[in-house]
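Undergrad: Take a look at the letters that make up each chain.
Number of protein chains: 4
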Amino acid sequence: MRRGPQVILPKDIGLIIAYSGVGKDSVCVDAGTGSGWLTVSLARISKHVYSYDTREDFLKIAEHNVRSLGLDNVTLKQGDVFKKIGEKEVDLITLDMPNSEKALKNAKKALKPGGMVFGYLPHIEQVKLFVKTLSKLKFEEPHIIEVIVRDILVREEGSRPSTKGLWHTAYLVFANKAS
Amino acid sequence: MRRGPQVILPKDIGLIIAYSGVGKDSVCVDAGTGSGWLTVSLARISKHVYSYDTREDFLKIAEHNVRSLGLDNVTLKQGDVFKKIGEKEVDLITLDMPNSEKALKNAKKALKPGGMVFGYLPHIEQVKLFVKTLSKLKFEEPHIIEVIVRDILVREEGSRPSTKGLWHTAYLVFANKAS
Amino acid sequence: MRRGPQVILPKDIGLIIAYSGVGKDSVCVDAGTGSGWLTVSLARISKHVYSYDTREDFLKIAEHNVRSLGLDNVTLKQGDVFKKIGEKEVDLITLDMPNSEKALKNAKKALKPGGMVFGYLPHIEQVKLFVKTLSKLKFEEPHIIEVIVRDILVREEGSRPSTKGLWHTAYLVFANKAS
Amino acid sequence: MRRGPQVILPKDIGLIIAYSGVGKDSVCVDAGTGSGWLTVSLARISKHVYSYDTREDFLKIAEHNVRSLGLDNVTLKQGDVFKKIGEKEVDLITLDMPNSEKALKNAKKALKPGGMVFGYLPHIEQVKLFVKTLSKLKFEEPHIIEVIVRDILVREEGSRPSTKGLWHTAYLVFANKAS
Numbered sequence: 004m005r006r007g008p009q010v011i012l013p014k015d016i017g018l019i020i021a022y023s024g025v026g027k028d029s030v031c032v033d034a035g036t037g038s039g040w041l042t043v044s045l046a047r048i049s050k051h052v053y054s055y056d057t058r059e060d061f062l063k064i065a066e067h068n069v070r071s072l073g074l075d076n077v078t079l080k081q082g083d084v085f086k087k088i089g090e091k092e093v094d095l096i097t098l099d100m101p102n103s104e105k106a107l108k109n110a111k112k113a114l115k116p117g118g119m120v121f122g123y124l125p126h127i128e129q130v131k132l133f134v135k136t137l138s139k140l141k142f143e144e145p146h147i148i149e150v151i152v153r154d155i156l157v158r159e160e161g162s163r164p165s166t167k168g169l170w171h172t173a174y175l176v177f178a179n180k181a182s
Numbered sequence: 004m005r006r007g008p009q010v011i012l013p014k015d016i017g018l019i020i021a022y023s024g025v026g027k028d029s030v031c032v033d034a035g036t037g038s039g040w041l042t043v044s045l046a047r048i049s050k051h052v053y054s055y056d057t058r059e060d061f062l063k064i065a066e067h068n069v070r071s072l073g074l075d076n077v078t079l080k081q082g083d084v085f086k087k088i089g090e091k092e093v094d095l096i097t098l099d100m101p102n103s104e105k106a107l108k109n110a111k112k113a114l115k116p117g118g119m120v121f122g123y124l125p126h127i128e129q130v131k132l133f134v135k136t137l138s139k140l141k142f143e144e145p146h147i148i149e150v151i152v153r154d155i156l157v158r159e160e161g162s163r164p165s166t167k168g169l170w171h172t173a174y175l176v177f178a179n180k181a182s
Numbered sequence: 004m005r006r007g008p009q010v011i012l013p014k015d016i017g018l019i020i021a022y023s024g025v026g027k028d029s030v031c032v033d034a035g036t037g038s039g040w041l042t043v044s045l046a047r048i049s050k051h052v053y054s055y056d057t058r059e060d061f062l063k064i065a066e067h068n069v070r071s072l073g074l075d076n077v078t079l080k081q082g083d084v085f086k087k088i089g090e091k092e093v094d095l096i097t098l099d100m101p102n103s104e105k106a107l108k109n110a111k112k113a114l115k116p117g118g119m120v121f122g123y124l125p126h127i128e129q130v131k132l133f134v135k136t137l138s139k140l141k142f143e144e145p146h147i148i149e150v151i152v153r154d155i156l157v158r159e160e161g162s163r164p165s166t167k168g169l170w171h172t173a174y175l176v177f178a179n180k181a182s
Numbered sequence: 004m005r006r007g008p009q010v011i012l013p014k015d016i017g018l019i020i021a022y023s024g025v026g027k028d029s030v031c032v033d034a035g036t037g038s039g040w041l042t043v044s045l046a047r048i049s050k051h052v053y054s055y056d057t058r059e060d061f062l063k064i065a066e067h068n069v070r071s072l073g074l075d076n077v078t079l080k081q082g083d084v085f086k087k088i089g090e091k092e093v094d095l096i097t098l099d100m101p102n103s104e105k106a107l108k109n110a111k112k113a114l115k116p117g118g119m120v121f122g123y124l125p126h127i128e129q130v131k132l133f134v135k136t137l138s139k140l141k142f143e144e145p146h147i148i149e150v151i152v153r154d155i156l157v158r159e160e161g162s163r164p165s166t167k168g169l170w171h172t173a174y175l176v177f178a179n180k181a182s
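Residue numbers (the numbering used here), protein chains in the order written: chain V, 4 to 182; chain W, 4 to 182; chain Y, 4 to 182; chain A, 4 to 182.
Rather than coming from a laboratory, the hints here were simulated on the basis of the structure. These numbers come from a predicted model, not from an experiment. Don't take every hint at face value.
Any copy, or any two copies together, can satisfy a pair, since identical chains are not distinguished.
[Stated by the list, open to error] Listed next, the in silico DSS-like pairs over lysine-lysine satisfying Cα-Cα at most 25 Å (straight line):
(1) Lys115 with Lys27
(2) Lys131 with Lys167
(3) Lys27 with Lys91
(4) Lys139 with Lys112
Go ahead and model the full structure; you've got the sequences and the hints to work with.
TA: Right, here's the structure in full:
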């Protein structure tokens, strides 16, 4: 994989997949594409992923990554989800970008009833704004988590958690459109 | 879903999916079936899941759950993976049962080169035994983690992590067969 | 100990003691007294503790607790630290009350140079307000932490962290007056 | 402070103080002395600390640290607690050394009824051995914890936990002699 912008880590991608219940019949929208890491992870397990970014350079990195994995169910789109999300009856929309709460109105229109929107938000202030907007748009009660993965060492001299590690990537917010 | 035996939680299932990279072309073996929760989660995103349990009552619960979700890519098998795993060129084998290290020899035979075995182990002593057996069987260096998901509350009176929560389900051990 | 209002737990008291470096020569101010748990814990290891609360009923519970432990170095004071802290050259001032940032101006006057103020704040919004006020009053850069204590079970059937536990009590904020 | 051997961190020292309830009337034994960090921390709040190490070079570092802080209630002793602990009616004995379970028999003799022994043990295997020995010597049920301190960042751009941090120092084991 070529990496450009910061990527969402497997620990967080795993929770997105598990909490959304996305599967082989699911249609996903991912914005912003970034390096395409999340796009590709969703494409491996879902029917189709539409991935939006405003930056052409990011889309080129993502295109390279999509191709190198031989995935044929990804549509990379240069566009601004704050202005428009063209898809309908979407199962999952993942938002990883600054001011992502501004995409929630369009996300709601694009989602099918019961569909899920996901926000990846490093700071608690962003979470608060996101949650407030979800509430205004009458999404169902959101679920907010942080995922902590701790490495365990099992060695000759003894077993213990790793001394140092990753403490925080971002808060994960999940909310369903009323069904 | 009907629940019988204890189930693996979404937080742990998410990490299994993310760390194994399992997708629509993947063939999985899950043992033991239990209530079929992990079987079903894997079936939603992979090509086929072969799910083993020695207990007929568990398999009946699982069969109910598989049917109610309309999944047609699950084969439930009453059998003992300590004695035999019938499949070949498997991408992922998940082990959630007592003494699961005893299944590793057969798991290795069933896995394709580079395929992954996963162990779900509540106690550190089990992890040590599992890791020792992996080493004897010349699996690649295992990755051992625990996954902690912390609920965050965002409310009128203020934002904070949830007061109480789940601290431990099991250790997750991942190891690849040499490719 | 008689308990009335919610108490600060040993895990948090331990960090207050360790981070403040309070010892046998230290003079402390504690507000609000509450049940007197923190007051008593500080009194056991320091020279003198002045403990403020506006509520007479809480002070009575605290008085009972102080007496039953035979401590003779505690002065319980009915008073409002937002209006006045009578002591001077104080080593440590601990604040556990709503709107505790309103006590910081008086805390600064009461502290000796290099003395430490501590805030016990359940919500992140309170932390932000507290930190902002510290900055205005030219306290040194604050240290903000949360303390997580995880029980470990070592038993015949195996060793593992406790399944459930306490995830959050409050954020702990420490800041020194410039020396 | 001069530092030689690895020191116990304030987070762990805080919990030792809070869980042991050590105060101005308490007599402590600390072994091994190491750099004297724990010895000094206990001396600041207790009546007297007897600190044992077999290594003269460590005791010299500790002596420097004790003197520079002007503490007059520390007795540094070159000696092996596996062979003998000379004190009686001790309130708290802290053990931070390899094979510290071998000191438990002497610790029991030195402790007053209800007194507490503490073990600082990096690996779970050490914890198991320590706990087993406590049980043989009829100490009360031990309390085993790990202490995790997480830094919180409150800044202009937003508030969040620190990205990386310390995950593990050691397991802390506390047990009381029957009273």
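Undergrad: Hints first: check each against the structure and report whether it holds.
TA: Each hint tested on the structure:
Proximity of Lys115 and Lys27 under a CA criterion of 25 Å is satisfied in both settings, with 16 Å inside one chain copy and 23 Å between copies. For the identical chains of this complex, Lys131 and Lys167 are inter-copy neighbours only, at 21 Å across copies versus 29 Å inside a copy, given an alpha-carbon limit of 25 Å. When the C-alpha separation of Lys27 and Lys91 is checked against a cutoff of 25 Å, the pair qualifies both within a copy, at 17 Å, and between copies, at 23 Å. For a Cα distance limit of 25 Å, the shortest separation of Lys139 from Lys112 inside one copy, 14 Å, qualifies, whereas the shortest one across copies, 45 Å, does not.
Going down the numbered hints, you'll see the structure goes against none, and every one checks out.
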